[in-house]
Amino acid sequence: MSEIAAESNRVIAFPQAVAAAPVDENTASMIEVLQEQLRLAREGKLRSVAVVSVSSDGGAIGTQWSCTHGDITSLIGKLTVLTHDMMAARK
867 MSEIAAESNR
877 VIAFPQAVAA
887 APVDENTASM
897 IEVLQEQLRL
907 AREGKLRSVA
917 VVSVSSDGGA
927 IGTQWSCTHG
937 DITSLIGKLT
947 VLTHDMMAAR
957 K
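First residue of the sequence shown? That's 867 in my numbering, and the numbers climb one at a time after it.
Mixed in with the good hints, there may be bad ones.
Said to hold, decoys possible - As a list, the in silico SDA-like pairs of lysine to any residue whose alpha-carbon atoms are at most 20 Å apart:
1. Lys944 - Asn892
2. Lys944 - Gln903
3. Lys911 - Lys944
No lab work stands behind these hints: they were computed from the structure.
Between the sequences and the hints, there should be enough to build the whole structure, so can you do that?
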């Protein structure tokens, strides 16, 4: 068998590409917010972040954070303001 024929025997097919799921307006908005935060983090413009997420069925709420010790009070204060803003918006 020639070297070229041997090389062609080692070629494998790539798996089928995953079809993109349809994105609704709410999903697109969440992705946009997260991408903006990722961009800022990659540029070194963030040192702390806090995230609260709600599952699609509303049955679970998750929190994650990564912050420097000195930012804890500031994050709590901003989250309190955000809480008040969200409560006012739902009325």
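To see whether the hints hold, each was checked on the structure:
no.	hint	in the structure
1	Lys944 - Asn892	violated (23 Å)
2	Lys944 - Gln903	holds (16 Å)
3	Lys911 - Lys944	holds (18 Å)
Consistency note: the structure conflicts with earlier hint 1 alone.
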